[in-house]
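Put together the whole structure using the sequences plus the hints.
If you read the protein sequences in the order shown, they are chains A and B.
Under my numbering, the first residue of the first sequence carries the number 1, and numbering increases by one thereafter.
Under my numbering, the first residue of the second sequence carries the number 1, and numbering increases by one thereafter.
Just to be clear, a hint being listed does not mean it is correct.
For identical chains, the list gives no copy identity; a pair is met inside one copy or between any two copies.
[To be verified] In silico DSS-like pairs for lysine-lysine, Cα to Cα no more than 27 Å straight-line:
(1) Lys49 with Lys264
(2) Lys111 with Lys228
(3) Lys235 with Lys111
(4) Lys49 with Lys228
(5) Lys147 with Lys264
(6) Lys63 with Lys150
(7) Lys52 with Lys173
(8) Lys228 with Lys150
(9) Lys249 with Lys147
(10) Lys173 with Lys249
(11) Lys63 with Lys17
(12) Lys147 with Lys17
(13) Lys147 with Lys228
(14) Lys49 with Lys150
(15) Lys165 with Lys150
(16) Lys52 with Lys17
Hints are computed from structural coordinates only; laboratory data are not their basis.
Residues per chain, in single letters:
Protein chains: 2
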Amino acid sequence: MFFILGATGYLGSYFVKYLRQEGEDVFGLSRTEIDYTDVGSLISILRRKKPKFLINAAGYTGKPNVDACESDKAECLFGNAVFPGRIRTACEEVGIPWGHVSSGCIYSDRKSNGEGWSENDEPNFSFRNGPCSFYSGTKALGEEILKDAKDCYIWRLRIPFNEEKSPRNYLQKLLNYSSLLEAENSISHIDDYINSCLSSFTQECEPGIYNLTNSGSIRTRQVVEWMKEEGVTDKEFNFFENEEDFMAKAAITPRSNCVMDTSKAERNGIALRPVEEAVRDSLRKMREQVLA
Amino acid sequence: MFFILGATGYLGSYFVKYLRQEGEDVFGLSRTEIDYTDVGSLISILRRKKPKFLINAAGYTGKPNVDACESDKAECLFGNAVFPGRIRTACEEVGIPWGHVSSGCIYSDRKSNGEGWSENDEPNFSFRNGPCSFYSGTKALGEEILKDAKDCYIWRLRIPFNEEKSPRNYLQKLLNYSSLLEAENSISHIDDYINSCLSSFTQECEPGIYNLTNSGSIRTRQVVEWMKEEGVTDKEFNFFENEEDFMAKAAITPRSNCVMDTSKAERNGIALRPVEEAVRDSLRKMREQVLA
Chain A
1 MFFILGATGY LGSYFVKYLR QEGEDVFGLS RTEIDYTDVG SLISILRRKK
51 PKFLINAAGY TGKPNVDACE SDKAECLFGN AVFPGRIRTA CEEVGIPWGH
101 VSSGCIYSDR KSNGEGWSEN DEPNFSFRNG PCSFYSGTKA LGEEILKDAK
151 DCYIWRLRIP FNEEKSPRNY LQKLLNYSSL LEAENSISHI DDYINSCLSS
201 FTQECEPGIY NLTNSGSIRT RQVVEWMKEE GVTDKEFNFF ENEEDFMAKA
251 AITPRSNCVM DTSKAERNGI ALRPVEEAVR DSLRKMREQV LA
Chain B
1 MFFILGATGY LGSYFVKYLR QEGEDVFGLS RTEIDYTDVG SLISILRRKK
51 PKFLINAAGY TGKPNVDACE SDKAECLFGN AVFPGRIRTA CEEVGIPWGH
101 VSSGCIYSDR KSNGEGWSEN DEPNFSFRNG PCSFYSGTKA LGEEILKDAK
151 DCYIWRLRIP FNEEKSPRNY LQKLLNYSSL LEAENSISHI DDYINSCLSS
201 FTQECEPGIY NLTNSGSIRT RQVVEWMKEE GVTDKEFNFF ENEEDFMAKA
251 AITPRSNCVM DTSKAERNGI ALRPVEEAVR DSLRKMREQV LA
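Now the structure itself:
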């Protein structure tokens, strides 16, 4: 049985859906049901339920966006750094392998040599290596707290997208925002991401950090171009002049825009599709929904 | 009535003792009695007890020393950063003024102009401005989370000492350690500190950060000299060659050694005694205990 924390959240609900489709037994816990953030409570549920794997899809992301983390720092820090540490304690105590939904948003830009950031690189958009958003700082601390954790997968997601009308879907966000920021990013197709996460466990990859973004990177202007090509919209998109203009007009805290190196996932046979293929696939499905 | 969190801890028990001596009504909560770390629970106790002031003397310091924080990062982060944020939420909700035991250990050395660190200076021994110990990183994040908190005093302590035989007492530590590190530090006499903390509230000082160390600074060699002069010991003290030698032989994480600017406390009439006076006073009492 798979044990999912944050089962009613954005990512968690996709994990639940995917696993149920695969015929797996899923026990989904949401924090409104039980305070699983207490190590003792978590240990006793794990002892009772004896899951073969635990997934931590609970986290504090800020709604509607990362700016909200700046005004609820304590809970952001709790959800993204303290709580993963408590799960580690509980899972190591009971002897349960697990995976943690982490984020590539602890990096900015590319490495100075032009390459994407690999799993071995120190975060450069974190408290220890700023500037950073408070959100990114807490996600980097979360990874620090999980360093050398036993039987723990750290699955780095970035900017999730698919074809659905959720306000959390990157492609939907692009359609909703009045102005866009031109930036280069690695991004993660949700189904591809979930599939890779679970494959890391089922294919017995070595526990540790994995960058799970679609291979390659996108630029915002390129994506809106694809949107038009795929017939999703004929909207004229506005762009901020630059990052300063974006920060001045639309943001409280800086965003991470970065490119990830996905070669470790490729070497381990759990790579996500090339990004253009995944984006166009989602855009075609969005188009079908509009026509339907 | 004064409401004290962490009432059975090292500092907390002195707060309780001092307030009771002053004839104040004290409600001391220890975490073993009730999980006051939950905002909802804390709010309801505060509504029921209606204290005139809350003191947070709970924190994660690491036992026997700060190295222990490196191996329990999640709880260190929780106790020193998340929990103060939750107290803030509860106290602001119920409308209760409060004080937080913070630390000067978020600084290293002196300012580049030779002055001590004032309340307006950004920490330079923190996650955002490293290197730092994990402990110091969490204390600095705690202050960040309390920034602009309503009716909140942030009382910065450093290296507490008095005449008692506690292993937490700096003067006792000097006697117990096999080798010492020569360093310059501001330090806090516990009674002086507690007295200044409570005065900040009773004298209606403006809420905010206060450096509450005895004025001036000490060097380790000077203190052991005073120990001999006051007849506390005739022990020959060994010193590490330098900080590198100390780190290699006796420590896991770097220590904060720093000098604080105490002029804000002086301007507000809540200053602690000059450091030599306070140290010699404690040493004389230690000597009396030996003779008794």
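Indices of hints not satisfied (ascending): 1, 2, 3, 4, 7, 8, 12, 13, 15
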